[in-house]
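Asker: The whole structure should be built from the sequences, with the hints applied where relevant.
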Amino acid sequence: MIETTLDTACHIGEVTFKNPVVMASGTFGFGKEYGKLYDLSKLGGVSGKGITLHPKSGNSGIRVHETPSGMLNSVGLENPGVQAFLDEECAFWETLDTVRIVNLGGGTIQDYVDGARLIDDDSQKRQSEGRKAVDLVELNISCPNVKAGGMAYGIKTCIAREVVREVRAATTLPLMVKLSPNAEDIADMARMCEEEGAEAVSLINTLSGMKIDVRKRRSVFENLYAGLSGPAVKPIALRMVHQVCQRVNIPVVGMGGISSAEDMIEFIMAGAEAVQVGTYNFVNGQAGADLAEGLERFMLEEGIRSLNEIRGIL
Amino acid sequence: MATIISNRRVAEGIYVMHAEGRFEAKQGQFFMVRGWDNYPLLSRPLSVYDQDERGVKFLYKVAGEGTRMLSRMQAGDDVTLLGPLGNGFPAAEGRTALIGGGIGIAPLFYAARHLEQADLYLGYSVEVYEEHEFRSLGHPVEIDLGGIVLDRANFDDYDTIFICGPEPMLRAAQMKSAMSSGRAQVYVSLENRMACGIGACLVCSVGCENGRKKACVDGPVFRAGEVVFA
Chain A
1 MIETTLDTAC
11 HIGEVTFKNP
21 VVMASGTFGF
31 GKEYGKLYDL
41 SKLGGVSGKG
51 ITLHPKSGNS
61 GIRVHETPSG
71 MLNSVGLENP
81 GVQAFLDEEC
91 AFWETLDTVR
101 IVNLGGGTIQ
111 DYVDGARLID
121 DDSQKRQSEG
131 RKAVDLVELN
141 ISCPNVKAGG
151 MAYGIKTCIA
161 REVVREVRAA
171 TTLPLMVKLS
181 PNAEDIADMA
191 RMCEEEGAEA
201 VSLINTLSGM
211 KIDVRKRRSV
221 FENLYAGLSG
231 PAVKPIALRM
241 VHQVCQRVNI
251 PVVGMGGISS
261 AEDMIEFIMA
271 GAEAVQVGTY
281 NFVNGQAGAD
291 LAEGLERFML
301 EEGIRSLNEI
311 RGIL
Chain B
1 MATIISNRRV
11 AEGIYVMHAE
21 GRFEAKQGQF
31 FMVRGWDNYP
41 LLSRPLSVYD
51 QDERGVKFLY
61 KVAGEGTRML
71 SRMQAGDDVT
81 LLGPLGNGFP
91 AAEGRTALIG
101 GGIGIAPLFY
111 AARHLEQADL
121 YLGYSVEVYE
131 EHEFRSLGHP
141 VEIDLGGIVL
151 DRANFDDYDT
161 IFICGPEPML
171 RAAQMKSAMS
181 SGRAQVYVSL
191 ENRMACGIGA
201 CLVCSVGCEN
211 GRKKACVDGP
221 VFRAGEVVFA
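Protein chains in written order, with full-length UniProt numbering: chain A, 1 to 314; chain B, 1 to 230.
Mixed in with the good hints there might be a few duds.
[As the list claims (entries may be wrong)] Heads up, simulated DSBU-like pairs for lysine-lysine below, C-alpha to C-alpha not over 30 angstroms straight-line:
#1 A:Lys36 - B:Lys26
#2 B:Lys213 - A:Lys216
#3 A:Lys32 - A:Lys56
#4 A:Lys132 - A:Lys42
#5 A:Lys32 - B:Lys26
#6 A:Lys211 - A:Lys56
#7 B:Lys26 - B:Lys61
#8 A:Lys42 - A:Lys125
#9 A:Lys132 - A:Lys32
#10 B:Lys176 - B:Lys26
#11 B:Lys176 - A:Lys216
#12 A:Lys156 - A:Lys56
#13 A:Lys216 - A:Lys156
#14 A:Lys125 - A:Lys32
#15 A:Lys125 - A:Lys18
#16 B:Lys213 - A:Lys36
#17 A:Lys56 - B:Lys213
#18 A:Lys42 - A:Lys32
#19 A:Lys32 - A:Lys18
#20 A:Lys216 - B:Lys26
#21 A:Lys56 - A:Lys125
#22 A:Lys56 - A:Lys18
#23 A:Lys32 - B:Lys213
#24 A:Lys36 - A:Lys132
#25 B:Lys61 - B:Lys213
#26 A:Lys211 - B:Lys61
#27 A:Lys36 - A:Lys56
#28 B:Lys176 - B:Lys61
#29 B:Lys213 - B:Lys176
#30 A:Lys211 - B:Lys213
These aren't lab readings, by the way, just hints derived from the structure by calculation.
Answerer: Here it is in structure tokens:
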């Protein structure tokens, strides 16, 4: 009786998530692998592996290094390219009963725009046939691993504005911009996204970090720096989500080290509409299912019927 | 969850863990293993050393915090196992050699147990371990201590060769294979760092002649000639 009254739904524009548990880009492939471990319809959404207009082979050398309570990664946006994603992954995405988010990166602004158009054209074609594979575009202006793009766009608001504006004009799909914690002023960046017509922002992407192999006397990573994620970054992420929520009126999707239902609740109390879960997928292969269940348990224990009762209370 | 049946030290920093459960691991496959809740974050990829009716065995070396924690676990403790994962060794054809360097001997034991004929070459740097177990399989075993185990095998004597060991050894094996007559199909088992273990995160990526592959799902066993060592 009590269960049926729980309201865990979240909204970004017209898109409704059945719960706030969204799997973060880069940690979940396109969902197929984890789909073998549990039922993906338990999730609020899935943000796919970041894609770019052209395929990328990513960084060579070591790509992961564990840190206390975290990990550094230097994958370098390895991906099959937008067209291969549309051709090879979207048939599976059409079958998913969860919000499907395509994460789009780019090298040049033209790459971003062309990628966004390809996705949009495909989406309209499918829609005319009564099918749907993508619900939302998450624009990656913050991947710190790509020398030519990523980092540069996500740091200065005036440079990021150009990308957001161009991609906004290139897609009819709802747009969420994923922000970098390495931005000069992340709240300012979020405000810019709102001004440019984004439906939402998500944050934080990984923090730029470093690891030196003292015996070899060089960086563990060929790319020198790598992206830090995991519980180590959670307090920073939470603070940034809180700051951004004070500045914008569009939905904010919070992420950074989330590993429990209580962690998710913290982000929601800080003002997040929904959350994303990344590194914890590597800790627990059932992360999504466990967190969705844990959230309901927490709500029951605390007598919370709707997440709106606690959202943004700080 | 799997309960540990035994976890014994067999040499300095080298352990064999026997974990209970019914698995259907094939030769050369691995498990993502953790003996703790959230920290360290990542599970450790350990190849299958052996498998019996009671469970699965891992021969592992203490290399960092995670394996140190595993080494301190005792019979009755629980470990979390995700697997078996990966493709493992292909079917061996003709005369077969298995060559292991250091802890790289681990996946060769279970592989050898399923072969009617195999010559085993085991290389150690400091201390020999599990020699008795390997000899009990009934195959010829050549032990190398402190030298270069690869030098003991003539690749042209074989049709199939499985190799596992540190990267310099695999690189040398690739060169040796390229300079041989080409009779032997040479396969290497890689020990890349992993995070998810199931093909989602791309951190175990392997440069191959036809682009990048994933050590976890496309491997960990690859044709020696196809890997492009950095």
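Asker: Could you run down the list of hints and mark each one as holding or not?
Answerer: Do the hints match the structure? See the list:
no., hint, in the structure
1, A:Lys36 - B:Lys26, "19 angstroms, holds"
2, B:Lys213 - A:Lys216, "26 angstroms, holds"
3, A:Lys32 - A:Lys56, "20 angstroms, holds"
4, A:Lys132 - A:Lys42, "19 angstroms, holds"
5, A:Lys32 - B:Lys26, "23 angstroms, holds"
6, A:Lys211 - A:Lys56, "24 angstroms, holds"
7, B:Lys26 - B:Lys61, "21 angstroms, holds"
8, A:Lys42 - A:Lys125, "28 angstroms, holds"
9, A:Lys132 - A:Lys32, "17 angstroms, holds"
10, B:Lys176 - B:Lys26, "28 angstroms, holds"
11, B:Lys176 - A:Lys216, "26 angstroms, holds"
12, A:Lys156 - A:Lys56, "25 angstroms, holds"
13, A:Lys216 - A:Lys156, "35 angstroms, violated"
14, A:Lys125 - A:Lys32, "24 angstroms, holds"
15, A:Lys125 - A:Lys18, "26 angstroms, holds"
16, B:Lys213 - A:Lys36, "20 angstroms, holds"
17, A:Lys56 - B:Lys213, "13 angstroms, holds"
18, A:Lys42 - A:Lys32, "14 angstroms, holds"
19, A:Lys32 - A:Lys18, "20 angstroms, holds"
20, A:Lys216 - B:Lys26, "36 angstroms, violated"
21, A:Lys56 - A:Lys125, "26 angstroms, holds"
22, A:Lys56 - A:Lys18, "33 angstroms, violated"
23, A:Lys32 - B:Lys213, "17 angstroms, holds"
24, A:Lys36 - A:Lys132, "22 angstroms, holds"
25, B:Lys61 - B:Lys213, "26 angstroms, holds"
26, A:Lys211 - B:Lys61, "23 angstroms, holds"
27, A:Lys36 - A:Lys56, "26 angstroms, holds"
28, B:Lys176 - B:Lys61, "27 angstroms, holds"
29, B:Lys213 - B:Lys176, "23 angstroms, holds"
30, A:Lys211 - B:Lys213, "25 angstroms, holds"
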